[in-house]
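Next come the chains, spelled out residue by residue.
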Amino acid sequence: MKRQQIINGVIALVIGVLIFVTPFIFIGLTAVKSAAEASQLGLSWPSEWLFWDNLVAVIQARNYMLLLAYFNSTVITVGAISLLVISAAMIGYVIQRRPSKWNGFIYALILAGLMIPPAVVPTIWLLKELHLFKTLHGMILIQVAYGLSFSVLLFRSFIASIPRDLDEAAIIDGAKPWQVFFKVILPLLKPVTVTVILVQSVTIFNDFTNPLYYLPGKDNVTVQLTLYNFQSQFSSQMNLLFMNILLVTIPPLIMFIFFNKQIVKGMTAGAVKG
Amino acid sequence: MKNRANKLIISTFVVLGASISNATELSILVDNSPDTVALTQALTSAYSKLNPDITFEIELRPGGGEGDNIVKTRLATGEMADVFLYNSGSLLQALRPSRTLEPINDLANFSNILSSFTSTVSDDKGNVYAVPIQTAMGGGIFYNKRVYEELGLKVPKTWQEFMENCAIIAEKSKSAPIAQTYRDTWTSQLLVLSDFFNVQAEKPNFATDYTNNKANFATTPAALRGFEKLQQVSEAGYFNDYYGAATYNDGLNMVATGKAAHYPMLTFAIPSIKLNTPDYIEDVGFFAQPGDDADKNGLTVWMPAGYYIPKESDQKEEAKAFLNYIATVDACDAITKAIGANGPYLIKGCTLPDNVYPAVKDMLPYFQEEGRTAPALEFLSPIKGPMLEQLTVEVGSGIRNAQSAAELYDQDVAKQARQLNLPNW
Amino acid sequence: MKSSRSYPYWFILPGGLVYLVLFLVPTVAAFWFSLTHWDLFETRFIGLENYYQFLREPFLITGVVNTVIFGVLTSIAKSVLGLLLAVLLTSGLLGQSFLRTLIFFPVLVSTIGVGIAFAEIMHPARGMLNIGLSYFGIQGPAWLIDPNLALFSVALVDIWKGVGLATLIYIAGLATISSDYYEAARIDGATKLQMFFRITVPLVRPATVTVVTLSLIGGLRSFDIIWAMTKGGPGFSSDVLASVIYKQYQAGFYGLSTAGNIILFALVAFIVIPLTYWFNRREVDL
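Note that the protein sequences, when read in sequence, are chains U, R and D.
Using full-length UniProt numbering, the letters of the first sequence map in sequence onto residues 1 to 274.
Using full-length UniProt numbering, the letters of the second sequence map in sequence onto residues 1 to 425.
Using full-length UniProt numbering, the letters of the third sequence map in sequence onto residues 1 to 286.
There's no promise every hint is true.
Claimed, not checked - Across the chosen pairs, the derived CB separations fall in these ranges: (1) U/Ile15 - D/Ile76: 18 to 24 Å; (2) D/Leu60 - R/Asp292: 33 to 39 Å; (3) U/Asp165 - D/Ile76: 35 to 41 Å; (4) U/Gln60 - R/Asp124: 45 to 51 Å; (5) R/Asn424 - D/Leu60: 23 to 29 Å; (6) U/Leu186 - D/Leu94: 31 to 37 Å.
As the list claims (entries may be wrong) - Once the Cα atoms are required to be at most 16 Å apart in a straight line, the calculated EDC-like pairs of lysine to aspartate or glutamate come out as: (7) U/Lys218 - R/Glu59; (8) U/Lys128 - R/Glu79; (9) U/Lys134 - R/Glu79; (10) U/Lys134 - R/Glu59.
Because the hints were derived from the structure by calculation, they are not lab data.
Just so you know, these numbers come straight off a predicted model, no measurement behind them.
We treat Cβ as the ideally placed atom computed from N, Cα and C, and that holds for glycine.
Starting from the given sequences, assemble the full structure and let the hints guide the process.
What follows is the structure in structure tokens.
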């Protein structure tokens, strides 16, 4: 490592910490304050540290609602991501590789998914007809439908950078289309797959509006809805609210730290391949 | 010790057995403000104690417009809880009550509910849909008694006196004369809405004419006064610093601690003041928003929210039995115990304890004298424009004047009236 | 080679079916509702009246202008900053993997959480931001309560929250560029700046297309963060189309808000489709 790089690194670190970390210090400090102190909402040092008390209060709130919420949100996120990654990669692959007059139309439909806000009430009617309303698997399918456009676009643009020679060679070797896709293409998509997993799982895990409409019921609570325990139109318990924000951010954070390594690996793989 | 454990296990089995055989679980959807949650918990557990075979599942929803949406969506899709909490007055009409809700006129205790409440939760055929929880509320001005004492001020009976008080406060104390809190936009409407007693004192037919599209805010001087009062106090610079970023809770804290001398608000804030600043609750007093004539001084009154039953519930009888219990003195006492008494109850026979907070004490005389209260406009007319809170923020922030805001509000009202399919619009 | 056999259309089926049933069908139904007077319980056909009413909304112009400003500003900032950060964070910098984590941190927090926290951080008097600025002798502005500034303050937070994602997409894109190009350029004596503009920028195009398209569409439709921070205020000064529509929906104007959604869709399509057409035309198949 050159000296210039070290100096640049230090400067970047300081700026990065200042811009990206201080807001979290604020959230963290508020989360350990007493209710009265937290309602003042400054960046002051807490006069007493109530980390444990607030943590317990948040977890125990409304009969351990947060734990149930963790479970539900995890099931929805894992289920939706698995379906989303496979189906989106397949779609992206076909529409990128197979130019036809339909492509414009398909592309327009995909963009429509990004541009048109979902129609809530007709969707609820439909879900009820299909007996999917208020079910976790119904919620999973909704998240697949809403996340598909974004994922397909990502996959499509990265499949464009994979040389066609690779699949053609496999086809000449007699591989079936699904074999080409799963054995040749999908492994090469690792960096973008990790990106899709990361982005979509954060979106789905942090989704607030959709579960509110499509998954009512106390047993179906998801993590973002637990924020309502401490925030209302008329009065707020800011310390518990911020503790709750911290707690629901932990699962995505763990996932990111895990996948961050994968991204690095994917990158080196790409470099070798290139 | 072992014996005790055995007993515990046996009794658990008995309880379980009983609950499996004939337990009914009622779901109940309420907003997430601490008061409603606390009192719903109190009422349901009191009821379950009397009726061990009934249990409750409490679901929370947000308050405000977002909560209204959830209620409407769930009613329209037939997915409402067995019992739900909702506003009385104009907001109720958008639920299409005669179509979606179950009338409760046949409750045994129906006659216990005061007609001042039932008239705000009924349709044109006389069907009544809700039982009130909580008490009637006043919309007016909280004031800090300590500041008033120190400066030797008297509770104002006219707007003129109120402005004089503010001038003295601005000059002689460090307190802001009036707290405004526009981070929570809904709080900006109070000076306009609480002025309705004065509107009605001058124009007794305003509510009817307004509903029939014969009167509006911009061209009725009495109705325009509310907007003008807001503009006047804003231009006089009487607000707290950074009122654009202050919250409702900030407002309550300011008036309780004396950082602000006045805060226009509904009296349902009293439990929150108690919760936020318990040491200062005795310093907070309350008076009605004064008009221009000292002889016509009175309070604009809001009706509380109530419990409703959707038509599609398959446990209507159990839900009705629960609502029947809400309309009793026992239920009032459970409410008082949970969140304190904050105004006159709307159930016959319910009384207030003697040791109510000063702000409650200040409010009660208005209710005891004939002709000193008037319902807020939203309980006399089904039309309330949704844009009012943004417009009052603009007037209070000096972005727009009173006349222009009233004109835009009239357009907003017309839109709402057409949505409700009212005649004459 | 027959592409129909190598790339069968049934690959589209699993995802496509879910998308068709749960997204496209309700959307078509919504189009019908936009032509009706709808209170969720009853509908009455009224033709184009909702569209007419929506286009007469008193604050429509503010909303449209704000929508375009917000969308264009945030997407340009995210792509430019994202690319620069991605290059910086793949250059073998000290602690680059830690920095990458830091920048991605805000993406992980829910919009509601960010909104609640930043409304406090940007408080004009007690907020961290202005207190911090005052150490440098700068009197910070009234970020969210100044009507002329509110929209830009929200955009700033949106960029803060979203730049990590753009950076990540660019990093994945940079990974596909072969190091041979840089080797060759270095031998030819190219400067770093030349390499950035002649190699990195053109070859990272697929990522640029993705970042610009996604963040532009996201920005034009932005709602959550604006709602969480200003609710379109003070007054109407930071209203965008999506928040105007949401307020109508909240007020119970269902037909009207559905019509508004379709108008918003038209606006987004009007901006994005020519752009993607232009992007795609220049796409080269490797």
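* Asked: What hint numbers does the structure not satisfy?
  -> Failing hints: none at all.
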